[in-house]
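Heads up: the sequence lines are chains Y and W, in that order.
Remember, our numbering sits 22 above the position in the first sequence when you count from 1.
Remember, our numbering sits 206 above the position in the second sequence when you count from 1.
Be aware that one or more of the hints could be misleading.
Below are the SDA-like pairs computed for lysine to any residue, each with C-alpha atoms no more than 25 Å apart in a straight line [what the hints assert, rightly or not]:
1) Y:Lys-293 <-> Y:Ser-276
2) Y:Lys-277 <-> W:Val-262
3) Y:Lys-277 <-> W:Ile-282
Note that these hints are calculated values from the structure, not bench results.
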Amino acid sequence: VVELAVVIILLIASTFLTLALTKYFGNLFKRLGYVGIDVFKVRRVEVPLLAGLSIPISLIIFLYVGYIINIIHYRIFISLSLVILSILLVGLLDDFFDMPGIYKPVACMLGGIPIILFGTYDIHLSFPFGVGFRISIIYLLLIIVGISVSANTVNMLDVANGVVSLASMIVFITMGLSVYIVHGYTNLYPILLGIFVILGFFYYNKYPARVFLGNAPALVIGAYIASLAIIYQVEFPTVVSMYPFIHNSFFFLSKVRRFVEHKKLNIVITKLDDDGYIHDACYEGAPITLLRFLVSREPLRENDVVWSITILFIFSSILAIVSAFLMGWGL
Amino acid sequence: MRISKMAIFLALIFIFQWVIMIVIPYILFGVFSRIVFIDNVFMDQLLKAIIAFVLVSVWLLEWMYMGIYVYRKFRICK
């Protein structure tokens with residue numbers, strides 16, 4: 023009971039720290055003029071970028087506190103912290119310097135190395151109905167590629183206010199439930215920490231956003247999701263819960279056929295009218311991203327888009343939870 | 207707040223992809239438990255990786271064509 027109370031206090035404290043840090047970074051970057059235009063607002067307001075730096079900082083601090091008071095094992099603390107730091111560095115370099123499109127997918131592979139070095143993985147990959155494979159060699163490759171894919175796919179869906187933070191909270195909740203269903207009671211502290219930390223940021227990032235997440239924190243969230251899926255061995259349900267992320271990035275890549283920054287494409291995918299409705303730009307050469315797909319039949323306001331994407335994440339999470347139940351069934 | 211009608215079609219695509227995603231490991235498992243027996247660990251995993259890669263590629267391609275078909279069928283701009 024005491025341990026549970028401590029965990030609850032830590033989680034609430036992590037939300038408040040993230041709130042304070044987000045406000046601090048928001049004010050700092052606004053003062054420094056590091057702002058971006060909120061493109062889906064009729065009055066194109068300027069919003070501070072990179073305020074999501076509060077997320078990796080809070081995660082590392084509270085993972086450390088968790089380790090100090092023996093809630094998590096040191097190997098989990100070190101591997102998760104190194105994943106966060108390495109991906110943060112990769113993202114910050116991309117945020118402040120003009121890196122080529124191939125840089126992020128390749129550099130994010132570094133994030134898989136701490137998990138391999140500290141052995142916080144299991145080579146047994148499980149699927150529904152008791153199907154499983156022992157893949158000692160392939161799994162190492164899957165860790166490296168999986169972290170990079172997850173980091174970049176989350177970053178690519180940062181298209182409307184609060185989408186990434188809301189979607190990732192849904193994915194973390196699904197992951198926590200899946201771990202509980204598949205493995206029974208287990209220590210869910212790092213997963214719950216993900217939810218509570220992002221909740222603090224979401225307060226400022228929700229529609230209409232007062233701060234933007236930034237590339238580096240979005241990459242960190244994606245890498246953190248993949249790392250936890252590997253550590254807790256719930257890869258299958260996690261991938262299912264990330265279907266909208268996958269749909270968005272895959273449709274982008276399948277059309278563009280190369281790794282390139284969205285802003286460098288110079289293609290209009292969607293456009294905003296004077297009433298604040300987002301339309302499909304109807305340009306044949308543009309990728310059918312998730313946003314374009316959703317507004318292709320009827321124009322939507324930004325908050326309708328956020329709501330539609332949220333519903334899709336809730337739906338894919340239901341499929342993920344069913345998958346977790348099916349993983350316990352052998353035919 | 208409104209939900210996009212296209213979200214409903216997308217949800218149906220997700221169900222379809224999910225069912226196939228459950229079937230793919232079954233095919234792989236069936237091939238390796240009934241047809242192919244390899245003693246060498248490296249060769250066994252290499253073959254598994256190649257077959258899995260082909261199946262996942264087919265899964266993604268089919269997702270892409272289904273998404274493009276639905277998009278073109280229901281979009282306003284023709």
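Enumerate the violated hints, using their earlier numbering and listing them in ascending order. none
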